[in-house]
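Chemist: The residues making up each chain are set out below.
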Amino acid sequence: MKVSYFPGCTLKNKAKDLDAYAYKSAAALGVTLEEIENWQCCGGVFTTARDEVATKLSSVRALKEAADKDQPLITVCSACHNVIKQTNHAMQTDKEFANKVNRYMACEKSYAGEAQVYHYLEMLRDLVGFDTIKAKVTNALKGKKIAAYYGCLLLRPNRVMQMDDPENPTIMEDFIKAIGATPVVYAKRNECCGAYIAMESPALAEKSSNAIVQNAKAAGAEMIITACPLCRYNLIKNGADIPVVYFTELLAEALGVKEDTNE
Amino acid sequence: MNNQNLKEEILRMSGVHPEKCMRCGKCSGTCPAYSEMEYHPHQFVSMVDNGEIEPLLNSESLYKCLSCFACIERCPRGVEPAKLVEAIRLIAIRRQGANHMTANDVPALLDADIPQQAIVSAFRKYSK
Chain F
5 MKVSYFPGCT LKNKAKDLDA YAYKSAAALG VTLEEIENWQ CCGGVFTTAR DEVATKLSSV
65 RALKEAADKD QPLITVCSAC HNVIKQTNHA MQTDKEFANK VNRYMACEKS YAGEAQVYHY
125 LEMLRDLVGF DTIKAKVTNA LKGKKIAAYY GCLLLRPNRV MQMDDPENPT IMEDFIKAIG
185 ATPVVYAKRN ECCGAYIAME SPALAEKSSN AIVQNAKAAG AEMIITACPL CRYNLIKNGA
245 DIPVVYFTEL LAEALGVKED TNE
Chain R
9 MNNQNLKEEI LRMSGVHPEK CMRCGKCSGT CPAYSEMEYH PHQFVSMVDN GEIEPLLNSE
69 SLYKCLSCFA CIERCPRGVE PAKLVEAIRL IAIRRQGANH MTANDVPALL DADIPQQAIV
129 SAFRKYSK
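If you read the protein sequences in the order shown, they are chains F and R. The C-terminal residue of the first sequence carries number 267 in this note's numbering, and the numbering is unbroken. The C-terminal residue of the second sequence carries number 136 in this note's numbering, and the numbering is unbroken.
Among the hints, erroneous ones may be present.
[Stated by the list, open to error] Below 27 Å or equal to it, Euclidean Cα-Cα: the simulated DSSO-like pairs (lysine-lysine) are:
id, chain 1, residue 1, chain 2, residue 2
1, R, LYS15, F, LYS104
2, F, LYS20, F, LYS6
3, F, LYS6, F, LYS262
4, R, LYS136, F, LYS104
5, R, LYS34, F, LYS192
6, F, LYS18, R, LYS136
7, R, LYS34, F, LYS211
8, F, LYS16, R, LYS136
9, R, LYS136, F, LYS99
10, F, LYS99, R, LYS15
11, F, LYS99, R, LYS28
[Said to hold, decoys possible] Cβ pair distances, simulated, as ranges:
id, chain 1, residue 1, chain 2, residue 2, range
12, F, GLY147, R, ARG31, 45 to 53 Å
13, R, LYS136, F, ASP135, 44 to 52 Å
14, R, ARG31, F, THR97, 23 to 31 Å
15, F, ASN42, R, TYR42, 40 to 48 Å
16, F, GLY34, R, ALA120, 32 to 40 Å
17, R, THR110, F, ARG107, 27 to 35 Å
[Said to hold, decoys possible] Far from chain R by the CB rule (all over 12 Å, computed), these chain F residues:
id, residue
18, ALA31
19, LEU33
20, VAL35
21, ASN42
22, GLN75
23, THR136
24, LYS140
25, LYS148
26, THR174
27, GLU177
28, ASP178
29, LYS262
30, ASP264
Calculated from the structure, these hints are not laboratory results. Computed from a prediction, not measured in an experiment: that's the story for all the values here. The beta-carbon is built from N, C-alpha and C at its ideal position, and this holds for glycine as well.
Please take these sequences and the hints and turn them into a complete structure.
Modeler: This is the structure we're talking about:
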């Protein structure tokens with residue numbers, strides 16, 4: 005299966021692991037990630053204002069390329085996924101906005117949100133199948149107690165994201181089971197880590213992140229997994245004393261391809 | 009711009025209907041930045057509804073919202089307060105010279121591990 009892939013700025017810099025293990029794991033699962041040509045940064049956060057057009061064009065360009073190739077568009081970073089999926093929804097539902105975008109882009113064929121956007125976790129669940137993954141696991145992470153940290157951007161707003169139940173999600177726990185480990189459920193798994201406030205008000209990020217880590221540990225977690233580089237940064241920066249790793253790294257480990265050198 | 013025009017612009021940009029609010033306070037109860045804010049999410053809703061825009065436009069509260077979509081998700085009436093914060097913040101930083109953060113401010117805010125995502129997000133929120 006060939007899919008379009010939008011890595012995003014951080015996956016080519018501070019979160020190279022998230023990207024590299026996404027490639028290795030996909031290859032092991034028979035999925036070819038075709039990187040969007042000349043992709044541009046999504047901007048990190050979706051601007052909900054309807055009159056903001058320029059800030060959403062990079063997402064539309066990526067979406068349009070995937071639609072033109074008739075491939076699903078796969079994202080790994082929670083933030084990219086949120087921005088791109090919300091932009092696609094705006095192209096589908098806000099005619100005035102879509103008209104402005106299409107006039108500006110002046111493409112032969114206008115774009116109306118035809119692309120199918122999947123987060124990598126959704127690709128694993130809906131396109132590959134957790135049962136298939138289970139069957140391909142060569143190095144099951146047996147006995148490991150892992151807390152899934154969803155954060156905000158994978159799940160909200162659910163009206164648009166449609167990934168899972170926004171207050172009682174299971175996709176990451178099902179992923180943890182598929183790679184042979186034991187999921188730990190805790191209350192704060194879908195609360196905010198503080199996000200970019202880490203730059204201006206690090207104390208707020210510290211308070212939020214600490215509460216999440218303590219809550220996961222109290223529930224028995226030995227490790228936390230995330231899809232978001234900024235969540236990972238905030239949790240580690242603010243004293244997480246258990247490992248906080250990208251879910252793609254664990255997937256590569258379970259599939260026995262973590263040490264492969266050719267992606 | 010007078011207050012009525014500002015209010016109309018905010019409602020148009022955000023698509024929010026503040027009159028749907030039933031004052032339950034769930035938005036502020038779930039806001040992770042609540043303790044940092046001068047005006048809280050439920051106050052954004054009632055103040056916009058009452059045309060009290062100026063205090064919001066000049067408040068640091070605009071830069072405390074984390075874009076976590078918690079108030080948007082959890083509002084039982086679908087009011088989506090964060091969209092009002094976003095619209096007012098944009099009106100504030102679209103004024104000439106009113107950027108809340110500039111490129112010159114960034115180096116002092118970095119450490120060796122901070123992901124690019126934090127910087128682009130902050131810029132998207134604080135600067136035009």
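Chemist: Are all C-beta atoms of chain R more than 12 Å from that of F/LEU33?
Modeler: Per Cβ check, F/LEU33 is outside 12 Å of chain R; nearest 26 Å; holds.
Chemist: Examine each Cβ of chain R, and state whether all of them lie more than 12 Å from the Cβ of F/ASP178.
Modeler: The assertion about F/ASP178 holds, with a minimum of 21 Å to chain R.
Chemist: With d taken as the least Cβ-Cβ distance between F/LYS148 and chain R, does d exceed 12 Å?
Modeler: Its Cβ never comes within 12 Å of chain R, the nearest being 25 Å, so this holds.
Chemist: So F/THR174 supposedly isn't at the interface. Is its beta-carbon more than 12 Å from every beta-carbon in chain R?
Modeler: Fine: 17 Å to the nearest Cβ keeps F/THR174 off the interface.
Chemist: Taking the shortest Cβ-to-Cβ distance between F/LYS262 and chain R, state whether it exceeds 12 Å.
Modeler: Per Cβ check, F/LYS262 is outside 12 Å of chain R; nearest 22 Å; holds.
Chemist: Between F/LYS99 and R/LYS15, does the CA-CA distance stay at or below 27 Å?
Modeler: Holds, at about 23 Å.
Chemist: Given the proposed pairing of F/LYS18 with R/LYS136, does the C-alpha separation stay at or below 27 Å?
Modeler: holds (25 Å)
Chemist: Is R/LYS34 within 27 Å of F/LYS192, Cα to Cα?
Modeler: holds (17 Å)
Chemist: Is it the case that F/ASP264 keeps its Cβ farther than 12 Å from each residue Cβ in chain R?
Modeler: holds (25 Å)
Chemist: Is the Cβ of F/ALA31 farther than 12 Å from every Cβ of chain R?
Modeler: holds (25 Å)
Chemist: Far enough from chain R: is every CB of that chain over 12 Å from the CB of F/THR136?
Modeler: Correct as stated: the minimum Cβ-Cβ distance to chain R is 31 Å, above 12 Å.
Chemist: Confirm or reject: F/GLN75 is not an interface residue toward chain R, with every Cβ-Cβ distance exceeding 12 Å.
Modeler: About 25 Å separates F/GLN75 from the closest Cβ of chain R, which puts it past 12 Å; holds.
Of the numbered hints stated above, none is contradicted by the structure.
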